[in-house]
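Protein chains in written order, with the working numbering: chain Z, 1 to 76; chain D, 1 to 619.
These are calculated hints, taken from the structure and not from any lab test.
Misleading hints may appear alongside valid ones.
Derived DSS-like pairs (lysine-lysine); straight-line CA-CA distance at most 30 Å [claimed, not checked]:
| id | chain 1 | residue 1 | chain 2 | residue 2 |
| --- | --- | --- | --- | --- |
| 1 | D | 78 | D | 20 |
| 2 | D | 182 | Z | 44 |
| 3 | D | 606 | D | 29 |
| 4 | Z | 48 | D | 2 |
| 5 | Z | 44 | D | 610 |
Quick list of simulated restraints, FRET-style, between CB atoms [claimed, not checked]:
| id | chain 1 | residue 1 | chain 2 | residue 2 | range |
| --- | --- | --- | --- | --- | --- |
| 6 | D | 553 | Z | 46 | 25 to 31 Å |
| 7 | Z | 46 | D | 241 | 40 to 46 Å |
| 8 | Z | 46 | D | 583 | 20 to 26 Å |
| 9 | Z | 29 | D | 111 | 50 to 56 Å |
These numbers were taken from a predicted model, which means no experiment stands behind them.
We put the beta carbon where it would ideally sit given N, CA and C, even for glycine.
Here is what each chain is made of, one letter per residue.
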Amino acid sequence: MVDIGTGLIALSAGIAIGVSAIAAAWAEQQIGAAAVGATAENEKLFGKVLILTVIPETIVIFGLVIAYLLIQKIAI
Amino acid sequence: MKPEEMVKVQLLCAKKQLRKVIKELHTMKILHIVDHVKGELDIGSPLEGSARVSETLVKIRGIISYLKIDPETKVNEKEFDRFVNKRGITDIESVSKTAGRLYEEIVSLLAEQKEIESQVASLSKSLEEISILRELNVDPSFFRESQSLASFLGTVNDARSLLSELRALTQDYEVSVAPVEKKTMIALFVRKKKKQEVQQILSRYNFQEFRPAIKEGDLKKMHDEGKDSMARLKARQGKVMQKLDKLTKEWSNFLVINEKRLSSLVEQENAPLRFAETKSTSLITGWVPLKDYDKFFMRMNELTQGKIVINRVDADHDADVPIKLNHVQPVKSFEWFMELYSLPHYKEIDPTIMMFITFPLFFGFMLGDVGYGLVTLAFFLALRKLMPDMRFLLNAMVLCSLSSIAFGLIYGEVFGFEQIGHWHIPHLISRTHEVTTMLIIAVAIGAIHVNVGFIIGFFNELHHGLWRAITEKGSWLIIEAGIILLVLSILSLIPFDWILGAAIILLGIILLILGEGAKGVIELPTLASHALSYARLMAVGLASVVLALVINENSMEFIKGGGVMTAVGILILVIGHTVNIALGVIGPFLHSLRLHYVEFFTKFYKGGGKRYTPFGEEV
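The following block holds chain Z by itself, in its conformation from the complex (with noise of 0.2 Å):
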């Protein structure tokens, strides 16, 4: 059994990534719906909206690296 505190740690860790996965999916979402449109209408803008429907991925490395830190909190 691992106590209160190491659990708490680890939910935490859970929250940070899974929050931030669900609001870079939303973001994404919306962006890419919207890109899509735009494509469909000129070929050419591809490159310009991929950028936009990415933007969004950083969030969920900042949930990762924070979920990450707070794992190592465990190992020690």
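Model the placement of chain D on the given structure of chain Z, informed by the hints.
Frame of chain Z, contents of chain D only:
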């Protein structure tokens, strides 16, 4: 590191020479024409005879579309030459006549085909009527208006219940029933006085009236005659199809080749629309690559025996200079990525070569597995054979696969396995065990990459002046240096007061505000966020290797089970790794691309260059 150098030229020649000049320009494929905008000088008019060429081209394209010929089919030039020489259709005059005749012939054949089709449709409709009436065993004349009888012909959904209801109403009726598709066809005759009641009953059974076009006549005879006519129509139809097929086979080579030739001819004939003209001269403006200029100059003079004026114009180089990237293979493959984003501006540093280095590196860093690298290498090599159009992208992907193999050796991974049997694959760093190290390496790569971006940005801005370069790009580097000093002095790793670091940061921020205004300050956090964004190099790779481990562990359990279990295990192994490889190509590809486009390019790249498309080049 810069796009190909261009010179702006103006050609002034007599209209008499124009056809010759245009033809040569089209063959040389060197001049990027700048379309003339009507001002003091008028826009030129097409060469003589262009209407005829255009008309013929329209006809040929029409035939190609009528005969459903693929305009991209492979053509046989030798056979074409034999074909046209035999028939004497070598000049535009005869091609035009032949195309006209062929067009007429095909249009009339298609009209005949359409007419036969409509006859077949109407005949099969009456044959169907005849067969229904014969099935019901009733004569069409029965349905004529009568004094005492009411007649009904049509479909109902339940004939049996209908009849029992009818029997309750009257015994005085005649009925005939036959199944038609999913419904029942019914012919019903009752006394006229019962007509309304019967109608009510019928409507409850979803009665849909059927009105045959045939009003009288011998059904058997009509049926036989109909069948005969149908056979004749089908035979005629077959003949027309045969004729069309024969024409397609005979002429497709001729049509496709002439379509290409005439398209290029039309482009030449209409080229003067892009020039300026006076009463007897034409003025052509355009861009020529500097290295081809001498050749261009000599050739034009030779062609016109010196009766042409070629002017090198000192153009403002911030103007719309067409962009030609000039890389050798394999760097050339990465031009595709630049075109996808936006071509560089003429004065900008062209980052293709940097993408050539870092894109495969990032890709390999993420996918990094000897097994996966070999599979993707084989896949992309095979795909390059199958899809020559995509070879630029695929060449780049081949490099990425090689990089994956190299990183696989560094990580000591083959299909996610770090050991085979009891033998540990040697490695420099283990991705699964040294996550923190990987994270630090990834962010460090990010910091370096982003700073390279700032330095390129600095040099890009230099042609706007040193001050602008320092305030817009140098300021970021100064802030970074300040942060490093501050952190190191706070940690007492260097014998300086922290004030020094803070002061340098402040200086950097002031310069940044001078250079980019408030926008620069708002973007300050990107210093951290963009470098951190490179943590994905570690994260995407870790996700891929963990998935591979899960697949391996699960399938091994099954494989040890023996018998059917082994087969299931192998299936899991194959499907699992296939999916993981697919993800492992898409993920690293997009993430690597994104790191370049978003984190790297935003530091220095403006883009917006127009592609160099010399006159005569196929688009």
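Hints versus structure:
no., hint, verdict
1, 78/D <-> 20/D, "27 Å, holds"
2, 182/D <-> 44/Z, "52 Å, violated"
3, 606/D <-> 29/D, "28 Å, holds"
4, 48/Z <-> 2/D, "22 Å, holds"
5, 44/Z <-> 610/D, "13 Å, holds"
6, 553/D <-> 46/Z: 25 to 31 Å, "39 Å, violated"
7, 46/Z <-> 241/D: 40 to 46 Å, "43 Å, holds"
8, 46/Z <-> 583/D: 20 to 26 Å, "21 Å, holds"
9, 29/Z <-> 111/D: 50 to 56 Å, "53 Å, holds"
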